[in-house]
Amino acid sequence: MTAHTSKEFEQELRTLRERLATMGERSARQLVLAMKAVADKDDDLARDVIKNDTQIDRDENDIDELALQILATRQPVASDLRFITMSLKFVVDLERIGDLAGGIAKRALELNRLPSLEPRIDLSKLAALVQKNLQAALDAFVRKDADGATAVISADAEIDKLNASLFAELIAHVATDPATVTRVLPLTSVCRYLERVGDHVKNLAEEVVYMVKATDVRHRPIIPPN
Amino acid sequence: MIQRVRLRLLGLAVLVSLAAGLGSAAVLRVRTASEVLPIAIAAFAAAIVIGCAMIAIVRGMVRRLVKAMRDVVRDPSRRIADDGAGDDLRELAEWINFLAEDADRSHRALARERMLLAAVADGSTQGVIAVDSEHRIELLNDAARKMLGVTSSPVGEPLIDFVRVPELFDLIDSDVAATAEVQLPNTPRALIRTARKWGGDGRVLLLEDVTTMRRLETVRRDFVANVSHELRTPVAVIRANAETLMAGAKDDPAIAGKLIDGLHRNAERLARILADLLDLSRLDAGQYRLELGSVALGPVIEQSLSAVELQAAQRNVTVEVASPADLAVRADPKALDHILVNLIDNGVKYGRPDGSVWVEARLDGPAGNAVRIEVRDDGPGIADKHRARVFERFYRADPSRSREAGGTGLGLSIVKHLVESMDGEVGVEPNLPQGSIFWLRLPRASSIGTPP
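Line order of the protein sequences matches chains A and B. First residue of the first sequence: 1, per this note's numbering; consecutive thereafter. First residue of the second sequence: 1, per this note's numbering; consecutive thereafter.
Note that these hints are calculated values from the structure, not bench results. Incorrect hints may appear among the rest.
Said to hold, decoys possible - Pulled a few chain B residues facing chain A out of the computed Cβ check, cut under 10 Å:
{"#": "1", "residue": "Val165"}
{"#": "2", "residue": "Pro166"}
{"#": "3", "residue": "Asp173"}
{"#": "4", "residue": "Ser174"}
{"#": "5", "residue": "Asp175"}
{"#": "6", "residue": "Ala383"}
{"#": "7", "residue": "Asp384"}
Don't be surprised by glycine CBs; every beta carbon is placed ideally from N, CA and C.
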């Protein structure tokens with residue numbers, strides 16, 4: 001961060017950056033736990049995830065308030081202004097990721113009441129890809145790494161592809177045995193939630209590129225990093 | 001500064017030359033003005049030349065002093081040499097040398113202190129994190145780096161660039177002593193504790209790996225709960241049956257027979273649990289005498305198969321054995337039989353009805369100095385969260401099923417104890433796509449009949 005004359009301003013920006021990064025970590029953790037609740041058929045864990053979502057909502061409110069307070073009292077310009085406007089969008093995506101993790105936990109509670117699908121549908125690869133991308137986006141944010149963020153944007157296509165193939169596999173289950181529909185439906189939701197988390201991660205990465213390079217890369221063809 | 005000195009010296013030279021000119025004019029005042037003027041000019045010029053020479057000498061000395069000082073600053077072990085400069089300059093050099101020596105000493109002491117601090121911190125099994133008032137890294141010891149999964153932690157960089165654990169930052173900002181228990185990248189359960197403030201708003205945090213402690217607490221809690229449950233069930237049946245008999249059922253032969261049968265079965269069950277518990281406590285106390293020798297695997301496996309034959313026939317489970325004929329392990333024959341019967345019996349009991357159980361032995365280890373014995377089944381398998389705990393006393397992955405199958409809940413913990421007492425290892429893995437693999441590794445015996 002560039003040097004500022006006001007020490008308090010400096011501290012406010014630092015706090016904002018830390019709060020965003022730790023909120024990101026909290027959302028990422030929720031996603032890991034929700035997928036673990038699905039894999040281990042663990043009701044207690046799923047209920048924990050649903051309960052912990054309130055903390056992420058609180059984070060969103062706090063960060064919004066802090067960002068607005070900085071805007072109102074410091075009238076930031078240039079990179080500081082970009083950082084603050086970015087944080088207002090960043091926080092929304094992180095909160096949505098938290099909500100989707102909560103959604104996965106709710107589906108886990110439904111799935112735990114039902115017998116497993118045979119053969120099993122392996123969601124772990126999709127989940128691992130989304131989790132890895134989320135961590136990479138958060139890394140790019142704290143390190144102000146535009147190339148890292150661009151790589152995250154490109155990686156989203158892989159998530160979409162994997163999601164589509166899992167979806168086809170799930171539909172095939174219903175086609176061969178319509179009785180499996182009650183088990184397939186929550187699983188398709190989990191897949192869709194993961195794919196949507198992937199989209200929010202892509203947004204996070206685009207916001208990081210904007211913060212670092214002041215270029216808007218939304219809705220544009222992806223140029224791979226050199 | 002130098003410029004000012006130079007101007008002052010030049011002024012001095014001009015003054016000296018003027019004085020010299022005027023002085024000589026006064027001495028020679030008998031001469032006419034036309035005679036005096038050249039002398040005065042000559043004296044003035046001489047004074048200017050002398051003045052400039054003096055300036056050059058002084059400037060040279062100052063320049064040498066500056067160069068020497070620069071060398072001292074770059075390398076604190078160097079000193080300014082006494083090169084015959086004037087008294088004032090020599091004193092100045094001495095003072096600079098003194099300062100340099102002092103700085104050098106403090107520098108060494110500081111470096112020693114830092115090394116000592118790093119050695120103490122890195123030697124500790126507790127993680128230590130120190131940040132300054134702006135949350136920049138001051139210190140992250142080896143243990144903290146390991147727990148947090150951080151490979152580098154450059155001093156002076158923001159901590160958030162490397163660690164994003166929310167609770168950690170909450171504690172850094174906390175004004176009161178507080179703790180938080182969290183999952184860290186490389187530590188399933190870690191306790192973070194605020195230590196103290198330092199240097200204004202800097203903070204020291206301590207990290208402690210409490211994974212084993214918490215696991216043992218859970219094991220102990222579950223053991224007490226389970227043991228009372230396991231004992232209470234047969235006692236309740238015995239008491240109820242006895243009370244019913246006393247209340248008059250003893251005179252009704254049809255009912256009495258059933259009740260007495262129940263009494264007997266549950267008394268047997270209690271006796272089995274107690275015998276197992278006693279075995280376990282003997283194993284724990286090291287009182288269980290094992291006689292280690294070379295044991296041929298083939299006959300022991302055959303013998304344990306005959307013990308589970310009936311059970312396998314009832315559930316229509318096929319048991320297949322694959323073991324090289326001449327394989328021998330270093331073990332106690334009775335204990336090994338107990339282990340194999342237990343594992344194969346579990347495979348038969350908890351596997352699929354009409355399924356299969358495979359018993360396989362083969363050489364293992366880098367030099368083939370161990371033998372791995374596997375008991376695989378194609379049953380429903382054990383969920384991940386239960387798998388790590390099935391060797392605990394009274395731990396049941398599926399309580400209703402295992403009680404129905406007649407287990408005491410202690411079989412696998414006895415197996416684990418026995419295997420470990422014979423310098424072996426035991427574990428369980430999923431048998432993909434379905435079922436479980438219980439494996440044990442024992443030291444290989446050199447040849448049958450010869451104790452190693």
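Check your understanding: Does the structure break any of the earlier hints, and which numbers would those be?
Key -> When the structure is compared with the hints, numbers 4 and 5 turn out to be violated.
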